[in-house]
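Number of protein chains: 2
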Amino acid sequence: MPARKRAAAGDDPSTVADRLHSAAIHLLRRLRREDDASGLSAPRLSALSVVVFGGPTTLGALAAAEQVRPPTMTRVVQGLERDGLVKRESVEGDARSMRITATPRGARLLGEGRARRVKRLASDLAGLKAAELHLLARAAVLLERVSRGTP
Amino acid sequence: MPARKRAAAGDDPSTVADRLHSAAIHLLRRLRREDDASGLSAPRLSALSVVVFGGPTTLGALAAAEQVRPPTMTRVVQGLERDGLVKRESVEGDARSMRITATPRGARLLGEGRARRVKRLASDLAGLKAAELHLLARAAVLLERVSRGTP
DNA sequence: TGGGGGTAGTTAGCTGAGCTAACTAACAGA
DNA sequence: TCTGTTAGTTAGCTCAGCTAACTACCCCCA
Chain A
1 MPARKRAAAG DDPSTVADRL HSAAIHLLRR LRREDDASGL SAPRLSALSV
51 VVFGGPTTLG ALAAAEQVRP PTMTRVVQGL ERDGLVKRES VEGDARSMRI
101 TATPRGARLL GEGRARRVKR LASDLAGLKA AELHLLARAA VLLERVSRGT
151 P
Chain B
1 MPARKRAAAG DDPSTVADRL HSAAIHLLRR LRREDDASGL SAPRLSALSV
51 VVFGGPTTLG ALAAAEQVRP PTMTRVVQGL ERDGLVKRES VEGDARSMRI
101 TATPRGARLL GEGRARRVKR LASDLAGLKA AELHLLARAA VLLERVSRGT
151 P
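Residue numbers (our numbering), protein chains in the order written: chain A, 1 to 151; chain B, 1 to 151.
Misleading hints may appear alongside valid ones.
[As the list claims (entries may be wrong)] Covered stretches of chain B (chain A as the covering partner; in silico rule of three or more C-beta atoms under 8 Å from a C-beta of chain A): (1) 17-30; (2) 121-133; (3) 136-147.
[Stated by the list, open to error] Some chain B residues well away from chain A (every beta-carbon gap over 10 Å; in silico): (4) G39; (5) R75; (6) K87; (7) A115.
Everything labelled a hint here was simulated from the structure, so no lab data went into it. The C-beta atom is built at its ideal place from N, Cα and C for all residues, glycine as well.
Given these sequences and hints, build the entire structure.
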């Protein structure tokens with residue numbers, strides 16, 4: 001095996017998993033600090049993001065996308081609705097389902113909130129070399145795949 | 001600039017930050033599922049880990065290490081103490097400070113809980129190529145650095 | 001055609017994690 | 001000694017996550 005691909009010591013799955021776990025905790029804690037300015041918490045921002053970029057969905061689909069139970073998503077959406085960022089309307093043809101749509105204000109706030117939140121991280125990331133940034137970009141893609149259990 | 005180091009489209013800090021943010025949310029949500037079995041939540045596990053591997057500390061130092069406010073750490077430690085995983089004793093020479101030490105049971109549970117939690121991720125990671133695993137390992141190190149704001 | 005079983009969402013009620021503000025206790029130094 | 005600072009806790013809030021149980025509804029089939 002070529003040296004540049006040989007696994008370094010500590011590259012076994014458990015060790016990597018452990019480090020990633022810890023890194024993810026600390027990363028999110030840091031980002032949470034930016035919440036206050038936008039009034040959008042991480043789960044709300046994440047859910048709103050799905051609605052804005054993925055288009056209107058139902059609550060159940062949103063819960064599945066966010067890997068959360070329906071009651072949890074009910075509350076998140078209620079919060080977003082209370083703030084006028086999404087609207088809920090019953091789906092014609094199936095009165096059980098609720099179609100959740102982003103309002104213009106929601107779409108706008110998503111951009112602003114996300115920008116604010118990402119600014120902190122981005123400014124930290126700005127100190128990295130291009131190669132390191134590229135590494136993190138690839139890692140993020142990998143992590144999304146791993147998080148969905150679809151490797 | 002050589003092709004292998006040229007940044008890919010979307011490698012600007014904001015985009016990478018955005019992806020990492022989302023990936024971290026989803027990763028932790030997945031790992032949280034493993035909490036039930038161990039009875040240790042992510043923050044408790046993380047704090048206990050600092051105490052076990054870093055040795056006895058004070059509450060304030062622990063809060064700083066975990067990037068959390070003192071009252072939050074007070075509660076986390078209270079939970080750990082209630083479960084007999086750490087003990088608190090006042091520091092001789094400064095009656096204000098509390099020395100927090102892991103109990104043997106705490107050290108043992110840390111190993112077990114961490115193993116259980118990491119197992120899920122590790123089994124997901126096991127499907128990755130060695131090079132991908134190595135990439136994630138390097139990413140984790142980078143992220144820790146970034147999260148501490150010490151690039 | 002009218003039940004019955006499954007599905008979508010909500011409500012109720014709990015735990016835990018995070019925060020600020022305000023407090024107590026103790027230290028340190030002028 | 002008195003004043004300011006530091007360590008930690010308490011009180012009280014919000015939000016996010018869960019399960020259990022409920023309502024309302026759809027669909028299928030006898």
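Hints versus structure:
Figure legend: the region 17-30 of chain B, annotated as covered by chain A; annotation consistent (14 residues with Cβ-Cβ distances under 8 Å, at least 3 required). Remark: the region 121-133 of chain B is confirmed as covered by chain A, as 12 of its residues place a Cβ nearer than 8 Å to a Cβ of that chain, reaching the required three. Residues of the region 136-147 of chain B with a Cβ under 8 Å from some Cβ of chain A number 11, which satisfies the need for three, so the listed coverage holds. Distance to chain A confirms B:G39 as a non-interface residue, since its nearest Cβ pair spans about 17 Å, more than 10 Å.
Taking the minimum C-beta to C-beta distance to chain A, about 15 Å, the non-interface status of B:R75 holds against the 10 Å cut. Even its closest Cβ contact with chain A, about 24 Å, leaves B:K87 beyond 10 Å, as expected for a residue assigned away from the interface. Interface exclusion of B:A115 from chain A breaks down, the closest Cβ pair being 7 Å apart, not more than 10 Å.
Of the numbered hints given earlier, the model fails hint 7 alone.
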